[in-house]
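Colleague: Chains as they are written, first to last, in our numbering: chain A, 5 to 347; chain B, 50 to 617.
Because the hints were derived from the structure by calculation, they are not lab data. Please note that the accuracy of each hint is not assured.
Cβ-Cβ distance ranges computed for the label pairs, FRET-style [to be verified]:
id : chain 1 : residue 1 : chain 2 : residue 2 : range
1  : B       : 195       : A       : 207       : 40 to 46 angstroms
2  : A       : 203       : B       : 211       : 24 to 30 angstroms
3  : B       : 80        : A       : 117       : 46 to 52 angstroms
4  : A       : 110       : B       : 80        : 42 to 48 angstroms
Beta carbons: idealized from backbone N, C-alpha and C, even for Gly.
One-letter residues, chain by chain:
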Amino acid sequence: MEPMRRIMIAAVAAAVAGALPAAAQDKADVAAAEKEGSVAWYTSVDVKVAEAVKEDFHKKYPKIDVEVERSGSERVYQRVNQEHQSGIKHADLVNTSDSTHFIEWKKEGMLAKYVPAGVDKVPAEYRDPEGYYATWRATLCVMGYNTNLVPPDQVPKGYRDLLDPKWKGKLTKAHPSYSGTSLTGTYAVAKLLGWDYFEKLAKQGVQQLQSTTATPKSIASGERAVMVDGNEYNMFIEIDKKSPVKIIYPVEGTPFVSSPVAVFKDAPHPNAARLFADFLFSPKVQQFLVDKGGVRSVVPGVKDPAGRTPLKDIKVIPDDPAGMLPQVEDIKKKYAATFGGGK
Amino acid sequence: MASSGVTLRGTGARSFDPTVPFSIGMALLLAALVLLPLYWLGYTSFTDDARHFTLAHYHRLAVDRSFLEPFWVTLWTSAAVGLLCVAFAAPMAWLVARTDLPGKRLLRMLVLASFATPPFLGAFAWVLLGGPNAGLLNHWYYALLGLKPFEATPLVDIFSAWGIVFVTALYTFPYVFTFVATSLDLIPSELEEASAILGAPAWRTALDITLPLVTPALMAGFLVAFLQSMTLFGPAAILALPASIDTMTTKIWSLFQFPPKLGLAAAASLPLLVITVVLLRVQSAIMGRRGYSVVGGKSTGQRLIRLGPWKVLALAPFAFVIACSVLLPYGVLTWTAFVKNYSAPMAGNFSLDNWRFVFLEFSQTKLALMNTFALGASAATAGTILATTIGYLSLRQLVWGHRSLAFLATAPVAIPGIVLAVGLFLAYTHPPLVLYGTLTIIFLAYLTKEMPVGYQQVASALKSVHPELEDASRIFGATRLRALFDITAPLIRNGVIATWMFIFIGSIRELSATILLFTSRTKTISVTMFDLRESNDWGPIAVLSITMLLITFAMIAAINFFNDRRLA
Numbered sequence: 005m006e007p008m009r010r011i012m013i014a015a016v017a018a019a020v021a022g023a024l025p026a027a028a029q030d031k032a033d034v035a036a037a038e039k040e041g042s043v044a045w046y047t048s049v050d051v052k053v054a055e056a057v058k059e060d061f062h063k064k065y066p067k068i069d070v071e072v073e074r075s076g077s078e079r080v081y082q083r084v085n086q087e088h089q090s091g092i093k094h095a096d097l098v099n100t101s102d103s104t105h106f107i108e109w110k111k112e113g114m115l116a117k118y119v120p121a122g123v124d125k126v127p128a129e130y131r132d133p134e135g136y137y138a139t140w141r142a143t144l145c146v147m148g149y150n151t152n153l154v155p156p157d158q159v160p161k162g163y164r165d166l167l168d169p170k171w172k173g174k175l176t177k178a179h180p181s182y183s184g185t186s187l188t189g190t191y192a193v194a195k196l197l198g199w200d201y202f203e204k205l206a207k208q209g210v211q212q213l214q215s216t217t218a219t220p221k222s223i224a225s226g227e228r229a230v231m232v233d234g235n236e237y238n239m240f241i242e243i244d245k246k247s248p249v250k251i252i253y254p255v256e257g258t259p260f261v262s263s264p265v266a267v268f269k270d271a272p273h274p275n276a277a278r279l280f281a282d283f284l285f286s287p288k289v290q291q292f293l294v295d296k297g298g299v300r301s302v303v304p305g306v307k308d309p310a311g312r313t314p315l316k317d318i319k320v321i322p323d324d325p326a327g328m329l330p331q332v333e334d335i336k337k338k339y340a341a342t343f344g345g346g347k
Numbered sequence: 050m051a052s053s054g055v056t057l058r059g060t061g062a063r064s065f066d067p068t069v070p071f072s073i074g075m076a077l078l079l080a081a082l083v084l085l086p087l088y089w090l091g092y093t094s095f096t097d098d099a100r101h102f103t104l105a106h107y108h109r110l111a112v113d114r115s116f117l118e119p120f121w122v123t124l125w126t127s128a129a130v131g132l133l134c135v136a137f138a139a140p141m142a143w144l145v146a147r148t149d150l151p152g153k154r155l156l157r158m159l160v161l162a163s164f165a166t167p168p169f170l171g172a173f174a175w176v177l178l179g180g181p182n183a184g185l186l187n188h189w190y191y192a193l194l195g196l197k198p199f200e201a202t203p204l205v206d207i208f209s210a211w212g213i214v215f216v217t218a219l220y221t222f223p224y225v226f227t228f229v230a231t232s233l234d235l236i237p238s239e240l241e242e243a244s245a246i247l248g249a250p251a252w253r254t255a256l257d258i259t260l261p262l263v264t265p266a267l268m269a270g271f272l273v274a275f276l277q278s279m280t281l282f283g284p285a286a287i288l289a290l291p292a293s294i295d296t297m298t299t300k301i302w303s304l305f306q307f308p309p310k311l312g313l314a315a316a317a318s319l320p321l322l323v324i325t326v327v328l329l330r331v332q333s334a335i336m337g338r339r340g341y342s343v344v345g346g347k348s349t350g351q352r353l354i355r356l357g358p359w360k361v362l363a364l365a366p367f368a369f370v371i372a373c374s375v376l377l378p379y380g381v382l383t384w385t386a387f388v389k390n391y392s393a394p395m396a397g398n399f400s401l402d403n404w405r406f407v408f409l410e411f412s413q414t415k416l417a418l419m420n421t422f423a424l425g426a427s428a429a430t431a432g433t434i435l436a437t438t439i440g441y442l443s444l445r446q447l448v449w450g451h452r453s454l455a456f457l458a459t460a461p462v463a464i465p466g467i468v469l470a471v472g473l474f475l476a477y478t479h480p481p482l483v484l485y486g487t488l489t490i491i492f493l494a495y496l497t498k499e500m501p502v503g504y505q506q507v508a509s510a511l512k513s514v515h516p517e518l519e520d521a522s523r524i525f526g527a528t529r530l531r532a533l534f535d536i537t538a539p540l541i542r543n544g545v546i547a548t549w550m551f552i553f554i555g556s557i558r559e560l561s562a563t564i565l566l567f568t569s570r571t572k573t574i575s576v577t578m579f580d581l582r583e584s585n586d587w588g589p590i591a592v593l594s595i596t597m598l599l600i601t602f603a604m605i606a607a608i609n610f611f612n613d614r615r616l617a
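Construct all of the structure, not just a fragment, from the sequences and the given hints.
Modeller: This is the structure:
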């Protein structure tokens, strides 16, 4: 069944490509997508960033509605799998900040092979060699603080500093059972400092939030002074909004978090999904994501705005989905035992 | 009652009477609605993945600290909520029923406003008010005393077990207050007057005479508050998780993280069910015994105790409760909806961005609003029809087993929302009926959950209608059903409309069951707000909260309108 469909698609594509100039094939795609009329996008990106991307797409293709389903990476994973198990075909394409999801989904045969336009130029480490998924955006899992609440000479330099008793009751952290970024970050820090680092951290009375999009908002509102983990991009957004916050790149290293995008094999709107995937990787959207959404782009040619520390000047801990995958359940379990809020 | 039985037999079969099959259908539907989820709950809790009998789930519950601790937290916080409610409700109800306190009508109305506020919404508001460092109350407190956040102890730390107790008590309090106030209304004041004549001061009379008389109502109130607190998901998830505290409801919810641990979730649900059933039996034993023979019809001409200069002091507890449950939360939600940053000063902070975002940009709003309304309206309509039919059949004793019908219709009171959701999830995720992912499964949850409310409403309305008019229509050849829908239903029309609206209000605010049953296409407003909370998007949450409150109060105004017409 599936191979047949792929062969047919390939045959049609070849025929069209042969008969018409390249632009025409693009158009044919658009027509099919417009006929489908909508696309369901499950993502863990900040809800306002997601809605802005949607608006942009809708402006370009007014006949196609984008339905944004935003939740934390691990929650998106749960919903996708729960729906898949129950035979509900609703999600067209997906984006989470936990790269292990994509390894799992690919293994389960849930993903469609599709290389969005321009992704062939993305460095090889940011895309699946077989073309099932590619890093749409990346962020760093950073620390941060509220400048009204922490005097300049007191600013913690890294993770170890947070164990100082003076931070008791002043910290906030996201939850690895909810957030892929937090999971990636927690894995990297545990590997670096050992699990007993977190056992000590738990004694500091950490405000336990869910999402790494929530922790920057918590320190921006002044609810807590220092953030143990949070999205660098939400920090940039807060800084652009003139919130009293600053980023800390921990001396021990800053975890790098890839957020891939993939199209589902059972997507009810396959053409719209592919069109939307193309759109997501287009230079314009990538530049927008970097400028307004604060993310790091792996697409060549996209420029960081002035004032942001370039990646090359930051001690980055690369993500390691294959290494993390067998440990995911264990991390979540240990974390819940230490900080609550899990199975 | 007897005459209706006679006419039923007297009319004979002229043409096909759909009453019997219709009644049987309704009864079976009700039975399936209540029993199927419970069956699956029990079955799943005792079987492993290979469907073999096992006690492993219960064993894990009994030995695993990560379950025992939430269980303990749930028990003590619920008990604390019960005690707190009673401690406030008893004197306040006494003040309203026995003294010349000014503005009683308004006070009762404001207490009802807190009743109409969904507890999870109150919890949202209290995060904004009572966050230890950014919460507005703490801001004011620090500013007033010249203290600094973090250095001083906050006035309120809402992210704590006591935070859940406080917020849950605020929104459970109206139940207890109403219980006690009603009970006091029914107790004649002669005994108290006798005590006063014999020279006892007012406080002595209240403690020695009145208090023992309302003890049953107080105990019942305590139990209801306990049960509410034990089964609520919203306040626990919003206030306790950030403090790394789990309760049973948050624990059951996290068992649904992928891959879901259904056996464990079912086993963890059953203790809640058992506790509820036991406590409700205790409650009905207390309320039903009526060992105090003075509790009878309402006596006339109660003498009110004059408060004199104590009036101001007497108003203080009302001011406190109403401020905490209604005024401050509504205020802070309105503020947050209209500013960029709720913890920043007013200057340059005003913005309509949140409203624009929610109603123009956010793609979930339209779907969630539509789902919420569709679910509310269909649950209310189906619930009203089912409740009216069941109420009619059981009160007029028309079918064999009418008592068990009444029992089934009120049984869901004993099924906590989240437990019901676990049961429904288990019952309808495999063939023959795969309903997971549809609005139907959420509809079933609401219908089941609201059935007791609907039944009670309809039953009280039906009791006020004498069956002679139905009998007349029956003599003229109408079937039972026709008599019900053409004669009785119009007579109790206002009661029916009120039932519809009660179910509607109960449905649009539901979170505890919906949280386990929704999928991306079947989100409701409450779940959407919960999703937004996980990323701390307070502005949009505030906008949705205000929208939900406006809808609820419009409905309540409509109910009052119909009730007033009933009197006219």
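Colleague: Against this structure, judge whether each hint is valid.
Modeller: How the hints compare with the structure:
A hinted range of 40 to 46 angstroms is violated for the C-beta pair residue 195 of chain B and residue 207 of chain A, which are about 31 angstroms apart. Separated by about 25 angstroms at the C-beta atoms, residue 203 of chain A and residue 211 of chain B satisfy the suggested range of 24 to 30 angstroms. Between residue 80 of chain B and residue 117 of chain A the CB atoms are about 50 angstroms apart, so this pair conforms to the stated range of 46 to 52 angstroms. As the Cβ distance of residue 110 of chain A to residue 80 of chain B is approximately 46 angstroms, the hint placing it in 42 to 48 angstroms holds.
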